[in-house]
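Undergrad: Using the sequences plus the hints, can you model the full thing?
Here is what each chain is made of, one letter per residue.
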Amino acid sequence: MAERSTMPLIEVDNLGVRLNTSRGPAQAVRGVSFSLKRGETLGLVGESGCGKSVTAMSLMGLLPDSARVTGSIRLDGNELAGLADADYCRLRGNRISMIFQEPMTALNPMHTIGNQVAEPLRRHKKYSAGQARQEAIALLDRVGLPDPARRIDAYPHQFSGGQRQRITIAMALACEPDLLIADEPTTALDVTIQGQILDLIADLVEERGMSMILISHDLGVIAENVQRMMVMYGGTVVESGPTDEVFRRMGHPYTQGLFRARPKLGARKGTRLKTISGTVPELADLPAGCTFSERCPLVIDACRAALPPMADVGPGHGVRCIRTDVSMAANVGALSA
Amino acid sequence: MSTAPLLDVKDLEQRYTLPRESLFRPPGQVRALNGVSVQVQAGKSLGIVGESGSGKSTFARVVMALERPTSGQVALLGRDLNRIPPDELRRARRDFQMVFQDPYGSLDPRQIIARIVAEPLTVLEGADRTTFRDRVAAVLKQVGLREADMDKYPHEFSGGQRQRIAIARALITQPKLIVADEPVSALDVSVQAQVLNLMQDLQEQFGLSYILISHDLAVVDYLCDEVAVMYLGRIVEQGRPEDLFEHCAHPYTRALLDAVPRARAGGGRRRRGAQAIASQSAAATGCPYVARCALADQHCREALPELRRVGEGHLAACHKAESVMALPQAAMEG
Chain A
1 MAERSTMPLI EVDNLGVRLN TSRGPAQAVR GVSFSLKRGE TLGLVGESGC GKSVTAMSLM
61 GLLPDSARVT GSIRLDGNEL AGLADADYCR LRGNRISMIF QEPMTALNPM HTIGNQVAEP
121 LRRHKKYSAG QARQEAIALL DRVGLPDPAR RIDAYPHQFS GGQRQRITIA MALACEPDLL
181 IADEPTTALD VTIQGQILDL IADLVEERGM SMILISHDLG VIAENVQRMM VMYGGTVVES
241 GPTDEVFRRM GHPYTQGLFR ARPKLGARKG TRLKTISGTV PELADLPAGC TFSERCPLVI
301 DACRAALPPM ADVGPGHGVR CIRTDVSMAA NVGALSA
Chain B
1 MSTAPLLDVK DLEQRYTLPR ESLFRPPGQV RALNGVSVQV QAGKSLGIVG ESGSGKSTFA
61 RVVMALERPT SGQVALLGRD LNRIPPDELR RARRDFQMVF QDPYGSLDPR QIIARIVAEP
121 LTVLEGADRT TFRDRVAAVL KQVGLREADM DKYPHEFSGG QRQRIAIARA LITQPKLIVA
181 DEPVSALDVS VQAQVLNLMQ DLQEQFGLSY ILISHDLAVV DYLCDEVAVM YLGRIVEQGR
241 PEDLFEHCAH PYTRALLDAV PRARAGGGRR RRGAQAIASQ SAAATGCPYV ARCALADQHC
301 REALPELRRV GEGHLAACHK AESVMALPQA AMEG
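From first to last, the protein sequence lines are chains A and B.
Note that the working numbering gives residue 112 to position 112 of the first sequence, counting from 1, and the numbers run on in steps of one.
Note that the working numbering gives residue 148 to position 148 of the second sequence, counting from 1, and the numbers run on in steps of one.
Hints listed in this document are in silico derivations from the structure and should not be mistaken for laboratory results.
Since this is a predicted model, take the numbers as computed values, not measurements.
A virtual CB, placed ideally from N, CA and C, is assigned to each residue, including glycine.
Hints may be right or wrong, so weigh each one.
Part of the chain B face toward chain A, derived, beta carbon under 7 Å [stated by the list, open to error]:
no., residue
1, Ser185
2, Val189
3, Ala193
4, Gln194
5, Ala259
6, Arg262
7, Ala263
TA: Put into structure tokens, the structure is as follows:
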């Protein structure tokens, strides 16, 4: 058992995903590697099309059939990449679960919430209908749904957005997964409800010793909720490290740009936001070399020649940039601590 | 110079009738707006913040004269929008335009940009749309797009560019007021900043007023001269952003501020108390926030607090505003 606790739960090595988009084949994820021990939490930050959700979907085995996955994904040492769909079905919702952004579309409007929470229990744990119902009530109670015994036969539309997200969390937790993937779990919710849901997820992760991958575009959500983080852009990880370390000294011009572009409370009217020029590139036409080169204020010719390697800039803190000497001197992040 | 406000909203109430549950009882009502009064001066911006269900989008729809309020008045440039004849209202619409949240849903995918942007003109001036191409080209330039973009379709643009198109469509009638309902919340962070800067530039250039509806306090802080915090159809606090965010006087504003996740090192989890969601349909006595308020006492449960002055240009509807202001304030980001 000692071996089990030190071995990484999930190990992703040089993951690549090629998708067929309407604009031709696109490399949605390139060379993503990370490993996560039991109980550890990892954040993925980035904008639309940066590959964070595709990375999550490849862990869940939910990519479209036309997608081509390279590299390896190992769960407790067992290879998941290329696993047959039937075998993946035994893992999904059982050892790996996911919470989605839109609680309304993640729930089936035609089924009662009780049936939806009980479904993974019936399927994976072979509970009887009665057992599963009892367990579903207990789960709904744990996630803070008021009066679950009475409301278990209600339909999703009878709940508010925050309550629906609690229900999807109960579904994801039903089989006590080892790994929980939360893809923008609070983006559709009010800021006060967001706090409650994130508190709930943090409690459950701690209580059950799960590992968690939290995907968000919100640097604030990442800063407060995960131990380690990866910033993604154009399908590659451009910066990774312990969350505190990254926020103390941001190394990649993109991370710095994201941080500066956020409107901040207390920044008065009349001040201008520092923007990142240009727009998020389509995956089908990423620039050669560094994926951020077209929008980067520090770009030099060498940036366009080849994808920069990950450079170590601190303990466990890597930055995929050849100009870290300049970018780190700007000291972005430290001042706002 | 007259100091008459551009927009003068008085005692606005909007009620929606719920489906009848029983044959023998009158149907329930949702009080979406409960006596909202607010003024916007020309060239100034008002931000409206609050959670879903606070009535902020209903407020926008009523100000845009898309709905008739149950009672109260909305006066733009001295005309009560609900009293003027429909024909005059349609002509008056050139003075107030709207930008919606979702730049994907708000542009017709089957029409070219020139036609989308010129549509308010074709409705207002009735002339042939081909004569508007020069004006469309000019307004596209103002929002940072190119003349060549006129003959493209919406799907050829990114989210940020689509929101620029939506802003161009609002600008083309040279309005005095633009009501923007969550204009940047569907955009990527790096693009959000570009659109917010653009909105600020346009305001300086044309002396526009904005009513900016947002759940993001930082966005409102950045763009607005005044902020109103709404809760269950009422304004519970109103004032300049610096007063509101540095010396907030209502516990609800405080809760909103505390809930914003801060992007900084050593953040860690900050625990928040569980908050029950109050009901909108109950015609309760006392303060509507009482169920969620940590400071509530018997008086709060019995008497509805009026919106009252707690500082220079700073209003709050709380019996305990002074004690809230005396609390250590939420830390700001640098």
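Undergrad: All hints are to be evaluated individually against the structure, with a verdict given for each.
TA: Now for the hints, and whether the structure bears them out:
1. Taken as an interface hint, Ser185 of chain B does not check out: its beta carbon lies about 9 Å from the nearest beta carbon of chain A, beyond 7 Å.
2. Interface restraint check: Val189 of chain B against chain A, minimum CB-CB distance 6 Å, threshold 7 Å, status holds.
3. Because the closest C-beta pair between Ala193 of chain B and chain A is about 4 Å apart, less than 7 Å, the hint holds.
4. For the restraint placing Gln194 of chain B at the interface with chain A, the shortest Cβ-Cβ distance is roughly 5 Å, inside the 7 Å limit, so the hint holds.
5. Residue-level restraint check for Ala259 of chain B holds (minimum Cβ-Cβ distance to chain A is 5 Å; threshold 7 Å).
6. Annotation: Arg262 of chain B was flagged as interfacial toward chain A, and the flag holds, the nearest CB pair being 6 Å apart, inside 7 Å.
7. Because the closest C-beta pair between Ala263 of chain B and chain A is about 4 Å apart, less than 7 Å, the hint holds.
In terms of the numbered hints stated before, the structure departs from hint 1 and from no other.
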